[in-house]
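Novice: This is what each chain is made of:
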Amino acid sequence: MMRIYLPQDAAALALGAEAVLRALQAEASRRGVVLDVVRTGTRGAVWLEPLLEVETPEGRIGYGPVKAGDVAGLFDAGLPEGGAHALRVGRPEEHPWFAGQTRLTFARCGVVDPVSVADYRAHGGFVGLEKALAMSGEAIVDTVKLSGLRGRGGAGFPTGIKWNTVRLASADRKYVVCNADEGDSGTFADRMLMEGDPFCLIEGMAIAAIAVGATKGFIYTRSEYPHAVRAMRAAIVAARRAGWLGDNVGGSGRAFDMEVRVGAGAYICGEETSLLNSLEGKRGVVRAKPPLPAVEGLFGKPTVVNNVLSFAAVPWIMAHGAEAYAGFGTGRSLGTLAVQIAGNVRRGGLVELPFGLPLRAVIEDWGGGTASGRPFRAVQVGGPLGAYFPEALLDTPMDYEAFARAGGLLGHGGVTVFDDSVDLARQARFAFEFCAGESCGKCTPCRIGAVRGMEVMDRIKAGVQPEKNLAVLDDLLELMTDASLCAMGGLTPIPVGSALKHFPEDFDVAARAAA
Amino acid sequence: MSAPSAELRPLPTPHWDEALAVEIIAAHAGLEGACLPVLHALQEEFGCVPHEAVPMVAEALNLSRAEVHGVVSFYHDFRAAPPGRHVLKLCRAEACQAMGADALSAGLLGRLTVEWGGTTADGRLTVEPAFCLGLCACAPAALMDGEPVGRLDAAALDNMVLEARRA
Ligand SMILES: Cc1cc2nc3c(=O)[nH]c(=O)nc-3n(C[C@H](O)[C@H](O)[C@H](O)COP(=O)(O)O)c2cc1C
Ligand code: SF4
Ligand code: FES
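Top line first, the protein sequences correspond to chains Y and E. The first sequence begins at 1 in my numbering and counts up by one. The second sequence begins at 1 in my numbering and counts up by one.
These are computed hints drawn from the structure, not numbers from a lab. Mixed in with the good hints, there may be bad ones.
Said to hold, decoys possible - Each computed SDA-like pair below joins lysine to any residue, with the alpha-carbon atoms no more than 20 Å apart:
hint: 1; chain 1: Y; residue 1: Lys216; chain 2: E; residue 2: Ala29
hint: 2; chain 1: Y; residue 1: Lys282; chain 2: E; residue 2: Asn62
hint: 3; chain 1: Y; residue 1: Lys131; chain 2: Y; residue 2: Gly246
hint: 4; chain 1: Y; residue 1: Lys67; chain 2: Y; residue 2: Pro57
hint: 5; chain 1: Y; residue 1: Lys216; chain 2: Y; residue 2: Asp172
hint: 6; chain 1: Y; residue 1: Lys216; chain 2: E; residue 2: Asn62
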């Protein structure tokens, strides 16, 4: 029997994993080989997908990127024994692209069978929850505080402090809500974890629930993520069956259960108060803060709202200790960051690294330069509300404070690379267009400002009264920054302003025409 | 006085089935915050949120029609009319732009002579915009009837579309 591991992460599927599976089955039956295929998530090297692994006495040996047409040749090369082949990458964890990473949250992703509780257990799963069940809520919160964990959804708020607010609130009912709306372009870490290691998220949310005294959880994710929805729902059923969710979590006598809810194509529903409105069945309009969701959240009850990766970091922290986690990273950015390398890059994918590595290492060492082979020109870090950086800023360390000082933000860790064919004036216009399309409409600076921004950009791009219109643009950016109710309108000036600041030549139509 | 213009009256939803709608609504109405799950389930069945269902949803969830309509219209996903037989969601966001998505989608829409959200004349294909599918490391990306595809180019896209329109 030959055991094969083949990802069914959406990115692997997008690159032909199903065709590879069919070819494997056909070739195996032709050769009389009995196949045992385990469908995993991805390890994150999207550039190697589909990354097929075969179990051998020397461990799992990877081959990738495999196309259906490669399969017969792989068998000829001795696939069952891990034989030599041009696509052979060896043991994935020893490949430099993986070996140079610090896999804490994503240690199991791409390795385990995401529907098997037993496999999760065998890889250290539910150890953190078991520890938490033996601790007081205060002790759990203190551990999370001590780890230095900050929210991975973008704002970087200390997770332990948020949990403590909910813990101390008195109410007949409390909620734990996972923000899995991951709308930022260039990001896919939440999706990858939900598809590849869903029990890790379940465990993190259960620990939060035990800490704050919540009994019900929701995972709010996107309709664009049908595979993650299916994986999460299957894992919840399995976890319930194994006694890790329900009336008696891990035999503790404590109750906690959860369900998955699906959004409906609105970027703003990633903003936590809009998300809560959406979960309540309303329009996803942003709520004014205060009250904080931790005090008055879902259905008016105290609610923990955290990103997928914030929750998913907690099982490791509980299992290995707060100090161990805080031992990674730098300054006030502790632990690891899931960096997602996207766009025009040769080796795209997810790399988990301690905070503090320079952006250049990510783009050049891991990313391997542009996919097109043309010169690098710009990188947008932190999604559609993040800054465009030029070459000169590539030595910026990847930590919250350093990025803020450089006029940008880390956000959810997306790194989108552009080659020299990019037109930053066009990207600036797109930032306004996106804001106009996704604005919840509650406040004027965002709702009207974004539309004005598109118009101004159109005039600038057409070379109409450039000085006057650039001045109008400046005023508009200032107004949106100062007067928007939430970061949608408030941060749209970041991509626009950074494009203008670092790539002024793209806004200077006269100079471009003359050149 | 002339009769009110026909445009003001929404067309009946194709395959509208009131009994089925009652069943779908009842199956989800008991959830906390049931509105989105109900609307998703209706769209799953009918391809859109039938305007005929709006008062029924309102009644079941104890909301006003205006509230339900407000929810339906807030979210990009909910359609007013059923799509073509196949739905292609093409990503228009930054990571895909970095790999040429703008030209790719402009080319396709031009060749099909449809606009975003439009359906080909043969009723076979609706092309909808998406803003990130989480496939940003294998851009440009799309979902074809919910199945992910990556590293698209014009030839691959045309092939896929051709196949879908045949089926
Ligand atoms: C426009 C907008 C979109 C957002 N989208 C997301 C998102 O997709 N996922 C997310 O976790 N946080 C998102 N946030 C941040 C949330 O409002 C909130 O800070 C986060 O869910 C808190 O969890 P954390 O502390 O674990 O990061 C968004 C914020 C804004 C203003
Ligand atoms: S800034 Fe935009 S998205 Fe945020 S509350 Fe105002 S209108 Fe809504
Ligand atoms: S930007 Fe297109 S899939 Fe993410």
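Novice: Each of the hints needs a verdict: does it hold here or not?
Specialist: Now for the hints, and whether the structure bears them out:
1. Lys216(Y) with Ala29(E): Between lysine 216(Y) and alanine 29(E) the Cα gap is close to 18 Å, so the pair holds against 20 Å.
2. Lys282(Y) with Asn62(E): Holds - the C-alpha atoms of asparagine 62(E) and lysine 282(Y) are around 13 Å apart, at most 20 Å.
3. Lys131(Y) with Gly246(Y): 18 Å, holds
4. Lys67(Y) with Pro57(Y): 25 Å, violated
5. Lys216(Y) with Asp172(Y): With a Cα-Cα distance of about 12 Å, the restraint between lysine 216(Y) and aspartate 172(Y) holds, given a limit of 20 Å.
6. Lys216(Y) with Asn62(E): 23 Å, violated
Checked against the numbered hints above, the structure violates hints 4, 6; every other hint is satisfied.
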